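Participant: If you read the protein sequences in the order shown, they are chains X and Z. Per the working numbering, the very first residue in the first sequence carries number 1; after that it's consecutive. Per the working numbering, the very first residue in the second sequence carries number 1001; after that it's consecutive.
If you are wondering where the hints come from, they were derived from the structure by calculation, not from laboratory data. Don't take every hint at face value.
Taking lysine to any residue pairs in the SDA-like style, the calculated list, with each CA pair at most 20 Å apart, reads [claimed, not checked]:
id, chain 1, residue 1, chain 2, residue 2
1, X, 150, Z, 1192
2, X, 150, Z, 1046
3, Z, 1102, X, 26
4, X, 150, Z, 1088
5, Z, 1102, X, 38
6, X, 70, Z, 1031
7, Z, 1102, X, 150
8, X, 150, Z, 1202
9, Z, 1102, X, 33
10, Z, 1102, X, 31
11, Z, 1102, Z, 1031
12, X, 150, Z, 1263
13, Z, 1102, Z, 1202
14, X, 150, Z, 1047
15, X, 150, Z, 1079
16, Z, 1102, X, 158
17, Z, 1102, X, 23
Cβ-to-Cβ under 7 Å is the rule here; a few derived chain X residues that face chain Z [to be verified]:
id, residue
18, 36
19, 38
20, 39
21, 49
22, 68
23, 106
24, 109
25, 119
26, 130
27, 132
28, 196
29, 198
30, 253
31, 264
32, 287
Please read these numbers as outputs of a predicted model, since none were measured by experiment. Glycine included, every Cβ here is placed at the ideal spot set by N, Cα and C.
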Amino acid sequence: MTTLVTPAPVRTQPPPARRRTGSRIGRILGYLAMAVASVAVLLPFYWMLVSSLKTNNEVFTIPVTWLPSKPQWDHYIDIWTRSDMTTWLGNTVLLSVVVTFLQVLTGSFAAYGFSKIRFPGRDALFLMYVATLAVPWQSYMIPQFVLLSKLHLSDTLWAIIAIQAFGALGVFLMKQFYESIPDELVDAARIDGMNEYGIYRRIMLPLSTPALASLALLTLVNTWNDFLGPLLYLRSSNLWTIQLGLRTFISQYSAEYALIMTGSVLSVLPIVVIFLLGQRYFVEGVATTGLKG
Amino acid sequence: MSRVGPASVIRGRNTLLGWSFLLPNFVGFALLTMVPVVLLFYYAFTTWDIFGGAEWSGLDNARQMLHDASFWTAVQNTVYYTVFHIPLTLVASLGLAVLLNKRLRAVAFFRTVAFFPYIASIVAVAQVWNMLFSPGYGPINAVLRAVGVDNPPGWTTSADWSMPAVIVVGTWREMGYFMLIFLAGLQTVPGELYEAARVDGANAWQRLWAVTLPCLRPTTFFVVVLLTINSFKVLDLILVMTNGGPGQSTLVLAQYVYRKGFEENQFGYASAVSVVLFLLCFLITLVQFVVNRRREA
């Protein structure tokens, strides 16, 4: 358990010019393996995109066609009138932004307390935070649901905010990063008369921008893609998120293969764009949570 | 009160300060994670539905579970998923990581691509795979027929093949994530070890077994722990891909909790099943840590 919380430097780029790459055959095999793996990973996405541009009859044909005969771009217009896509996306964006903001704020704040202020019981409490990372949400979703229902929060967006915004992951990730900032820096600021909140805001926050970006991206993607939380809590259709809406759409229009794929593309696209923009931070976030010293 | 030493004043001040930082997060964490976990162990010994309150019923739920065929089916299916999902994902992600750690062109491109499945929404992904797996006209069976398989499997429509289909998608989805963790681990392997092995005449395969894998042991251990928990708790993938069917062929433990709790409103019994899920995850993690520590010692 203790090794889990030791900080480690995170490098995800291969170190330059470390060794000569092996023989020509090895290289060719390497490229071949990479090509096969790329196809395996990307094919479903390609199929999703292509099917969204086909007619319904064209989606399933024998032999399989890998290009639409005539791209049906109007699917991307129809979907907005045939479904409540606007509502779903609106709710999803709202939830993602609020949850991410709260998670980053409370997580980094608590992490400062855990890593730079010494007080009795601190380490035991942190161990408890870490331990819950091993407890699946699925095992306590029932009592959590009962609790939130008693607080009259079920079937409100507040429920999703509550269950997503205070996770242990944010505290864990930020503490990892703060541990790598030398205590001397904090002590020097204390001697200069800065109070702890000032140190957090003026020194730690600016220094931890990359870690904050990592946490923000991970939380954003998690919240956007969360299916179980909304499934349990959001009953009214005007509260649905894109995941919940898409699933209902699939069961309602089960034969509209092309339109279903259009909806799928729209649910994936924003996250892919965000991922591509912030890839570096995303990768570092995953590596930090995964790395143990 | 007026005669407190400076050391305890500082400690008291620090305690207050520390808690002021923790509080905003801790209130949410305590209320939404810690309290539910404690309540879980109480609910597991009660009987109630949506209308009444919880009524203490001792070990009734445990007894009911012992004779509940669906519960045992769910346990079996969860083990089935776990036993295949862990090694498959481990080999795939480790293989990809070792591959990407080489200085080949297009590595950056592939590292990006490999992560797509993990960030793509599960509902969309499951729907695409269901269409790919479609028995009559799906591309997968079309390819299988083209290479000479006369009776390709029915995949998600067949009780025998639905679980393999789910495992394939689960592995496809998670391998990019664990690949990144392995890649980070590979950066900690000292380059000199490879040089030394090369000088000793070890070939690429021997270097993998003698240098890479032993050095990656802490990472591998961590990945196995995460994979175990991920496998035991699998739920969203099942719900959107097969909903447990056909029949009960892909009914897993977490889904049984969902069914009993949210579809049949048996909160007490569902909590008892949750406790099993909870203990499985917790105990296996604990055992893995103990075994790992012993091996390191």
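Participant: Each hint needs a verdict: does it hold in this structure or not?
Facilitator: Taking the hints in turn, this is what the structure says about them:
| no. | hint | result |
| --- | --- | --- |
| 1 | 150/X with 1192/Z | violated (61 Å) |
| 2 | 150/X with 1046/Z | holds (18 Å) |
| 3 | 1102/Z with 26/X | holds (10 Å) |
| 4 | 150/X with 1088/Z | violated (43 Å) |
| 5 | 1102/Z with 38/X | holds (16 Å) |
| 6 | 70/X with 1031/Z | violated (55 Å) |
| 7 | 1102/Z with 150/X | violated (55 Å) |
| 8 | 150/X with 1202/Z | violated (65 Å) |
| 9 | 1102/Z with 33/X | holds (12 Å) |
| 10 | 1102/Z with 31/X | holds (10 Å) |
| 11 | 1102/Z with 1031/Z | violated (47 Å) |
| 12 | 150/X with 1263/Z | holds (19 Å) |
| 13 | 1102/Z with 1202/Z | holds (17 Å) |
| 14 | 150/X with 1047/Z | holds (18 Å) |
| 15 | 150/X with 1079/Z | violated (35 Å) |
| 16 | 1102/Z with 158/X | violated (47 Å) |
| 17 | 1102/Z with 23/X | holds (12 Å) |
| 18 | 36 | violated (10 Å) |
| 19 | 38 | holds (6 Å) |
| 20 | 39 | violated (10 Å) |
| 21 | 49 | violated (10 Å) |
| 22 | 68 | violated (15 Å) |
| 23 | 106 | holds (4 Å) |
| 24 | 109 | holds (5 Å) |
| 25 | 119 | holds (4 Å) |
| 26 | 130 | violated (11 Å) |
| 27 | 132 | holds (6 Å) |
| 28 | 196 | holds (5 Å) |
| 29 | 198 | violated (12 Å) |
| 30 | 253 | violated (12 Å) |
| 31 | 264 | holds (4 Å) |
| 32 | 287 | holds (4 Å) |
The structure fails hints 1, 4, 6, 7, 8, 11, 15, 16, 18, 20, 21, 22, 26, 29 and 30 (numbered hints given earlier, in ascending order).
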